[in-house]
Amino acid sequence: MPILQRVSMRKGTFSVRYWSQGKGRPIVFLHGWAGLPRATAWLEALAQRRLVIAPEFPGFGESTGLERLDDFLDIALYQFDLFATLKLRQADLIGHDFGGAIAAEVAALRPSLVRRLVLVAPSGLFDEKRPGVDPFATTEAELNAASWHDAAAAAKGGLIVTPQSDEEKKAAVIERAKALSAAGKFLFPIPDKGLKKRLSRIEAPTLLIWGAGDQVVPPQYAALFKRRVQGARSIAIAKAGHYPMLEQPAKFTAAVKGFLG
Amino acid sequence: MRFYWFHLMPYQDLPADFSQKYPSVWVTPPSSRLYDPAAGHRMYNEYLDELEHAAEAGFDGVCVNEHHQNAYGMMPSPNIMAATLARNTKRSAIVVLGNSIALYNPPIRVAEELAMLDVMSGGRLVAGFPVGSSMDTNYCYGATPATLREKYQEAHDLIMRAWMEPEPFAFNGKYTQLRYVNVWPRPLQKPHPPVWVPGGGSIETWAWVAERNYSYSYLSFSGYKRGEQVMQGYWRTLDEMGLKRNPYRGGFLQLICVAPTDAEAERIYAPHVDYFYDKCLHIAAGFAEAPGYRTVKTIAAGLSSQFAPTQRQQRQQSGKRMTWKDYIEQGFIVAGSPATVREQLKDVITRLHVGHLMCLLHLGNMPRETTLMNTDLFAREVMPHLRGLWSEWRDEWYPKALPERAMQTPAARAR
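As you go down the protein sequences, you meet chains A and B in turn.
Residue numbers for the first sequence follow this note's numbering, beginning at 1 and rising by one.
Residue numbers for the second sequence follow this note's numbering, beginning at 1 and rising by one.
It is worth saying that the hints were derived from the structure and are not from the lab.
From a predicted model like this one, the values you see are computed outputs, not experimental measurements.
Positions of the beta carbon are idealized from the N, C-alpha and C atoms, including for glycine.
Hints should not be assumed to be uniformly reliable.
Unchecked claim - Partial list, computed: chain A residues near chain B (C-beta under 10 Å): (1) Glu67; (2) Ala137; (3) Thr139; (4) Lys170; (5) Ile174; (6) Ala179; (7) Phe186; (8) Phe188.
What the hints assert, rightly or not - No more than 16 Å apart at the CA atoms, straight line, and that leaves these computed lysine to aspartate or glutamate pairs for EDC-like: (9) Lys190/B - Glu396/B; (10) Lys174/B - Asp70/A; (11) Lys325/B - Asp274/B; (12) Lys174/B - Glu154/B; (13) Lys325/B - Glu266/B; (14) Lys297/B - Glu204/B; (15) Lys225/B - Asp347/B; (16) Lys174/B - Asp71/A; (17) Lys297/B - Glu175/A; (18) Lys174/B - Glu67/A; (19) Lys193/A - Asp127/A; (20) Lys174/B - Asp74/A; (21) Lys174/B - Glu150/B; (22) Lys196/A - Asp127/A; (23) Lys193/A - Asp71/A.
Model the full structure from these sequences, guided by the hints.
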């Protein structure tokens, strides 16, 4: 994993850590409620011919300033400022679950910022009949079981890290509480916060990607997004759950590269 | 030393296989299948009888509390229960522990209802302001965990100002905006009814309570041995702030079972203790605590959640059931003959340094006769022996009621 960089915004109100690699036309990845991904091979693959930036959202890990964000309008303005700070006039935007809802908001509120949009199992809508597993009312084990096509293989491959020492365990509990609390600040108890009214404003060509076995944000949500985002296409990746980029990195990056060009 | 009779009002008729068949007693147990309103009618009325009996038996106060969507405690609105107690008790304090003030919009409703209770009861109200459990606040009432405490504090500030400011005022909060605040009625007690804050063991609460001169209480069902860690943290915070360790700044809830002899205590109470722990505290692990409900600072301090799977549940999962002896030895319950209970309670009270003891004398599916026996034995043979504890301290956190001659008696009772 390359060394993370840091940027300060709005006179120190936000201190944002970010992963960055490569050169060329920029791609920005907005992570979901699990935080910056541990495995970055798929990001590195995208960075072969492009500049890839993955900022860590305030409240997660070491990024700060969450207390200054109360709703998706605050988040969108924060993202606009982050783009400006990172000197990005336009980027391809990829967002996963919570980050997917943010990416969709950004694309809807300021279409000129987003060249192409990739939403991976995005949050932001709610289906009463088939809501999916509630990430805020599950133990870590329950959420893992619902999030992976093959949780055992994910653990074996180091995608799910099992802390060993007491210190590591405590750090992991705190990290998880911080991450889900930060995402929950905007998604709890139901993630429908008005995005459905704004999705039709999206102008960027949009690709929806789902792991076929995702039980947390089930693939059925793709249809709800497609109905509202004009011209959106969707693909389901087999043998993948909520993290298709981690469980099927080759298929995932091929699809993304093909779409982004 | 003061003693309070605390009722949870659990639902008594859960099926024997409840814990195997249903994932949780809280949030999702289906009321359409499990709750019989006719049985509920009997339980409410018996429970109110028990509280009224306790007030007559000489307890310093009766306690009601707020919980939602569960068979563990059937009091979504403690104020309704407190209202009937205000009419049907004479001298005892009415401790409403409390209203989870972050849940009310606008929170001024709580200021109004508690003021009504204080006036109706002639100044016998204790205003309890809990944050509320994660199940109640986050899962049942949909409050966002990350902002729950901020919202709670804002609601508190609004209620206290509403009770104390001499003129109508405007309140421009983040969660509540009111252009005209002017509560009718105002509380009878001045400057306001005593405030108790039942904590779930968040370390920030200690200083917050102490700064405002409130009384902190810890309501744990894992007994005094675990409660000690929390109460010691609170007392140390007072030391650091240069405040005296007045024991009435602290309260604790304890499960208590009194019988003529130790052996009879086990025979009479063991099934109800089992019902309480096996069914009433059967909480799905995913509901025990929403991420963000407790602050990182509290988790980092190593305090376990109030409703986290207890040692008991962990043992049970590994196939070893808690025995009566385990419950006693680990401090979950204080049980036995009056002499045994006296001795153990003295240890609890002095160890935790608390001036308010909330006695949980009704457990799970305990029938009325057993509850009344437990209550009477406690009132006659335990309470008088421990009354003298802390006599060197003044209790500034007990209601200051109207003098006897100014108290109204309900006409029906006067006849």
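Right, here's what the structure says about each hint:
Interface restraint check: Glu67/A against chain B, minimum CB-CB distance 9 Å, threshold 10 Å, status holds. Of the supplied interface hints, the one on Ala137/A holds, with its beta-carbon coming within about 5 Å of a beta-carbon of chain B, less than 10 Å. Proximity of Thr139/A to chain B holds as hinted, the smallest CB-CB distance being about 5 Å (cut-off 10 Å). The beta carbon of Lys170/A is positioned within 10 Å of a beta carbon in chain B (closest approach about 7 Å), and the interface hint is therefore held.
At a threshold of 10 Å, the smallest CB-CB gap from Ile174/A to chain B is about 6 Å, leaving the interface hint in force. Given the 10 Å rule on beta carbons, the hint for Ala179/A holds: about 8 Å separates it from the nearest Cβ of chain B. For Phe186/A, the shortest C-beta to C-beta distance to chain B is roughly 9 Å, which falls under 10 Å, so the interface hint holds. At a threshold of 10 Å, the smallest CB-CB gap from Phe188/A to chain B is about 5 Å, leaving the interface hint in force.
Between Lys190/B and Glu396/B the alpha-carbon distance is near 12 Å, which keeps this suggested pair within the 16 Å criterion. Taking the CA atoms of Lys174/B and Asp70/A, the gap is near 10 Å; set against the 16 Å cutoff, the hint holds. Only pairs whose Cα atoms come within 16 Å are accepted, and Lys325/B paired with Asp274/B is accepted, the gap being roughly 13 Å. Straight-line distance between C-alpha atoms of Lys174/B and Glu154/B comes to about 8 Å, which keeps the hinted pair within the 16 Å bound.
In summary, the hint linking Lys325/B to Glu266/B is supported, as the alpha carbons are separated by about 9 Å, within the 16 Å threshold. With a C-alpha separation of about 8 Å, the suggested pairing of Lys297/B with Glu204/B holds against the 16 Å cut-off. With a CA separation close to 11 Å, the supplied pair Lys225/B and Asp347/B stays within the 16 Å bound. With a C-alpha separation of about 13 Å, the suggested pair Lys174/B and Asp71/A falls inside the 16 Å cut-off, and the hint holds.
A hinted pair counts as satisfied when its Cα atoms are at most 16 Å apart, and Lys297/B with Glu175/A qualifies at roughly 12 Å. A C-alpha spacing of about 13 Å is found between Lys174/B and Glu67/A, which places the hinted pair at or below 16 Å, so the restraint holds. Restraint check for Lys193/A and Asp127/A: satisfied, since their Cα atoms lie roughly 13 Å apart, inside the 16 Å limit. Distance hint between Lys174/B and Asp74/A is fulfilled; the C-alpha atoms sit about 15 Å from each other, no more than 16 Å.
The suggested pairing of Lys174/B with Glu150/B holds, with an alpha-carbon distance near 9 Å, which does not exceed 16 Å. Distance restraint check for Lys196/A and Asp127/A: the Cα-Cα separation of roughly 12 Å lies within the 16 Å cut-off, and the hinted pair is therefore satisfied. The straight-line distance between the Cα atoms of Lys193/A and Asp71/A is roughly 9 Å, inside the 16 Å bound, and the hint therefore holds.
Of the hints listed earlier, there is not a single one the structure fails to meet.
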